[in-house]
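Top to bottom, those sequences are chains A and B. Residue numbers for the first sequence follow the working numbering, so the first one is 1 and each next one is one higher. Residue numbers for the second sequence follow the working numbering, so the first one is 1 and each next one is one higher.
Hint data in this document are derived by calculation from the structure and do not stem from the laboratory. Since the structure is predicted, the reported quantities are computational estimates derived from the model, not experimental observations. Treat each hint with caution, since some may be false.
Where chain B lies over chain A, by a calculated footprint (3+ residues, C-beta under 8 Å) [said to hold, decoys possible]:
#1 21 to 35
#2 77 to 87
Far from chain B, by Cβ distances over 10 Å, these chain A residues were calculated [claimed, not checked]:
#3 Leu13
#4 Glu15
#5 Leu45
#6 Leu49
#7 Val58
#8 Ala90
#9 Ala92
Taking lysine-lysine and the BS3-like style, the derived pairs with C-alpha atoms no more than 30 Å apart in a straight line are [said to hold, decoys possible]:
#10 B/Lys104 / A/Lys83
#11 A/Lys66 / B/Lys102
#12 A/Lys83 / B/Lys149
#13 B/Lys104 / A/Lys66
#14 B/Lys149 / B/Lys102
#15 A/Lys83 / B/Lys135
#16 B/Lys54 / A/Lys83
#17 A/Lys66 / B/Lys135
#18 B/Lys54 / B/Lys34
Positions of the beta carbon are idealized from the N, C-alpha and C atoms, including for glycine.
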Amino acid sequence: MGFVRTTKLRERLTERMELRVRPSAKRTIRRAMALSGKSAADLALDAALRVLDESQRVRLSGEDRKAFLDLIARPPAPNARLKRAFRRHAAATR
Amino acid sequence: MDSLRLEFEPLERCHDRAAFSSGAPALDDYLKTKAGQDVRRGVARVFVAVPPGKNEIAGYYTLGSFAITFDEMPTDIARKLPPYGEIPAALIGRLARDLRWKGKGVGELLLADAINRTIDAARRLAIFAIVVDAKDEAAADFYRSFGFKPQVTRPMRLFLPLATASAAKRNVG
Chain A
1 MGFVRTTKLR
11 ERLTERMELR
21 VRPSAKRTIR
31 RAMALSGKSA
41 ADLALDAALR
51 VLDESQRVRL
61 SGEDRKAFLD
71 LIARPPAPNA
81 RLKRAFRRHA
91 AATR
Chain B
1 MDSLRLEFEP
11 LERCHDRAAF
21 SSGAPALDDY
31 LKTKAGQDVR
41 RGVARVFVAV
51 PPGKNEIAGY
61 YTLGSFAITF
71 DEMPTDIARK
81 LPPYGEIPAA
91 LIGRLARDLR
101 WKGKGVGELL
111 LADAINRTID
121 AARRLAIFAI
131 VVDAKDEAAA
141 DFYRSFGFKP
151 QVTRPMRLFL
161 PLATASAAKR
171 NVG
């Protein structure tokens, strides 16, 4: 410990970003700001991070979780079509 | 069909993206306008199939890193998992072949190449599964036919254990 990453300090403090929204969307955003105590910029960043995160991970629960863990714990033998695809790939790239 | 020769390589400027047409506008547009950007930003890797010595794109696929996490993990299972309770995986986000190459089995070669590349990567970095997002029912059928198993509540996302893929590769020798 004792070493603190300082990459953030090299970033410009802030940049301007304007956006146009419908009045109803603006009201919704203002309500969310009041409720969470966050700025519109923080809320936009939260939503952006959530989108990026969901494209790179999935959280499984219930039967999804059970089926996936069973699949990983007892991987099925490859089927004929998968084996054939590998043979064809080896031949096509020889 | 079995005399088909293709080379699989990372997408480069020299590849003819403009002529690519898979019949799915979203997949064509991605290759033409976004793929290069994603590669530069490191968001995804894009690989193309080309006839030897040519720059015509017969098909392409994207590979990215992915993680599977869980709600309320029972401790007996948690102990068997990698640290942080996350299962590292590889995502084949997009896969498309050009209409000019229809009926030649290019789709299965693209899939085999993507899986092959993932198996190679897994020698250096733990990867337990390959994840695909099917764009429609026909695509989901395609992946199921190779042994991918659909997520129960979201059947357009499918999984293949890396162990199953590795066994298929060993079979080729």
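Okay, which hints does this one fail, numbers in order? Numbers 1, 7, 8, 9, 11 and 13, in rising order.
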